[in-house]
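Residue numbers (our numbering), protein chains in the order written: chain A, 1 to 326; chain B, 327 to 652.
It is worth saying that the hints were derived from the structure and are not from the lab.
Note that the Cβ used here is the ideal one computed from N, Cα and C, for glycine as well.
Hints are supplied without guarantee of correctness; some may be wrong.
Which residues of chain B face chain A? A few of them, derived with a C-beta cut under 8 Å, are [as the list claims (entries may be wrong)]:
1) 369
2) 372
3) 472
So these bits of chain A aren't anywhere near chain B, every CB distance computed over 10 Å [as the list claims (entries may be wrong)]:
4) 148
5) 170
6) 205
7) 277
8) 291
9) 299
There are 2 protein chains.
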Amino acid sequence: MALTEFSLIERYFSRPAAQRDPDVVLGIGDDAALLHVPEGMELAVATDTLAEGVHFPLHTKPEDIGHKALAANLSDMAAMGAEPRWATLALTLPHADKSWLAAFSAGFFALAAEYRIQLIGGDTTRGPLSITVQILGLVPAGMALRRSGAHAGDLIYVTGTLGDAGLGLRVLQQPIELSAGHAAHVMQRLNRPQPRVAEGIALRGIASAAIDISDGLGADLGHILQASGTGARINMAALPLSAAVNSYVNHSGDWHTPLCAGDDYELCFTVPAQKRPALLDALKSSASGCTHIGVIEAAPGLRCISASGALITPRAGGYQHFSANE
Amino acid sequence: MALTEFSLIERYFSRPAAQRDPDVVLGIGDDAALLHVPEGMELAVATDTLAEGVHFPLHTKPEDIGHKALAANLSDMAAMGAEPRWATLALTLPHADKSWLAAFSAGFFALAAEYRIQLIGGDTTRGPLSITVQILGLVPAGMALRRSGAHAGDLIYVTGTLGDAGLGLRVLQQPIELSAGHAAHVMQRLNRPQPRVAEGIALRGIASAAIDISDGLGADLGHILQASGTGARINMAALPLSAAVNSYVNHSGDWHTPLCAGDDYELCFTVPAQKRPALLDALKSSASGCTHIGVIEAAPGLRCISASGALITPRAGGYQHFSANE
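With the rest of the complex left out, here is chain A (with noise of 0.2 Å):
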């Protein structure tokens, strides 16, 4: 039987939504999907590519790059408190494997699922593995969370914990000694990201910027400072680490993993400092938490402390896709 590119989107992505989308007009089949768009409601739009080799190790398993090529979309829909709707899934593949396709799309509509997203279009092509997903969401005409918004004096919030995905892929391209359950943690933070999309529409209105930890919390709050014109000061010994990051910077001494690894896909935020109660209150059921780990300033540039009271400089930059030397 002719597997067609035709008959490969049908048989693996064109599943019957999870219950029925009114906003969605016309799904998957035609030249384009027609959704509709509420009044009062913003329509967020991202998009993002995951490379095999760049955003995710060789050999990772075909379910996590599912999830994670949507995890890593709807990230940046928390980062702006936006509620992602919908996706599109542009897949190249090198040849049509049944059992990867079959893999891939269990991982990517299991998350899916669990935020009610509805994949309304695609494309594949045959190529080196490449997916890109952009994901649609809404939110209240100019409640968006953006990275501009930052005042000198307001506090400096991560959700979760920093490093593991870091770490992860350290343990995977070099032998680190980590605990059974340690190693377990981080690969599970590295393969299977979970997006804070509630966190961040619960930061609606009371966030005065974020931006989602993808590049490294030194790289993507190096965003939030460039957007609003201002610096940070950043108390290392306020970062949260997981037991197991926290074993292992206080064996190695590496530092930069949680400051500068990528692939957390947690959420950097800042709050004005009377506002610190409404934020304590919108996050108190959430799952990730948040932790205060320093303070936007006036004066520019990215200062941390260490505990000892020493300052610190990242090394420039966090992942950089293409380097410096190009």
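Using the hints, position chain B against chain A.
Quick look at chain B alone, frame taken from chain A:
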């Protein structure tokens, strides 16, 4: 100077819009763009990936790739009768080649300016060359052209001419005797397809079904027939051919090229017979014009009738990225 992922995007893709778009609440440079969708409009969403060696030949000029990546997506909007408005660009590149990026973005933005498309987001990744564009457009609620509305008796039309891009691709692959003028014409059609956006919009309320011809007339009309639960009869003598393709077909007898080769990005659409005068009026100032090539029939299947009255069955499908042997 560090040419990072972010400065790359900024340098080549963060152009100020030709004119301010009041519906772009927030453009490039945050975790997501924010758009306002006017009341009474539906949002049309499509995505297309172009991969080197699959959708464009090796050594295609980067200006042409930039043009074609956007044109293929604009063509999806045309097929829906939607007005394209915004695009995101996910670009995977083997290395950050400045002259390539300058030329690619020149081709992309020249076409974007022609249609007043604003680039609202993107992602750049290191890897084998691949371009995924997502296009967002607007269409008055209920007015979109779908694949599913054709009825027996409806007349079948195509815009422009068929087989030019396919002949252009053949010229690159094997020696074909073609005059310099004909060769230039088919290469222009292959590398610089003109999406039929104005024609798609003009067909609102007139066409009963529509699709764009990216995979070949046989395959794409086949999608209309399948979605509409009908068949069709095509009069091959009526197929609109350029002088180049006409001369080639007369010499070679190769009807497969106009009938099944893809990449022309013309529209194929159906019109109830009583709306023929409205159609001719709607497209009277169209650059591409349109040609009546056949009729929708109740019996399933596509029947192609040659000039001598013989029944010709086109080879299965048009361009399929995954073949029957996998």
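Going through the hints against the structure:
1. 369: holds (4 Å)
2. 372: holds (4 Å)
3. 472: At 6 Å from the nearest chain A Cβ, residue 472 of chain B passes the 8 Å test, so the hint holds.
4. 148: Given that some Cβ of chain B is not farther than 10 Å from that of residue 148 of chain A, nearest at about 8 Å, it is violated.
5. 170: Its Cβ never comes within 10 Å of chain B, the nearest being 20 Å, so this holds.
6. 205: holds (16 Å)
7. 277: holds (26 Å)
8. 291: holds (20 Å)
9. 299: At roughly 22 Å from the nearest Cβ of chain B, residue 299 of chain A sits farther out than 10 Å, so the non-interface label holds.
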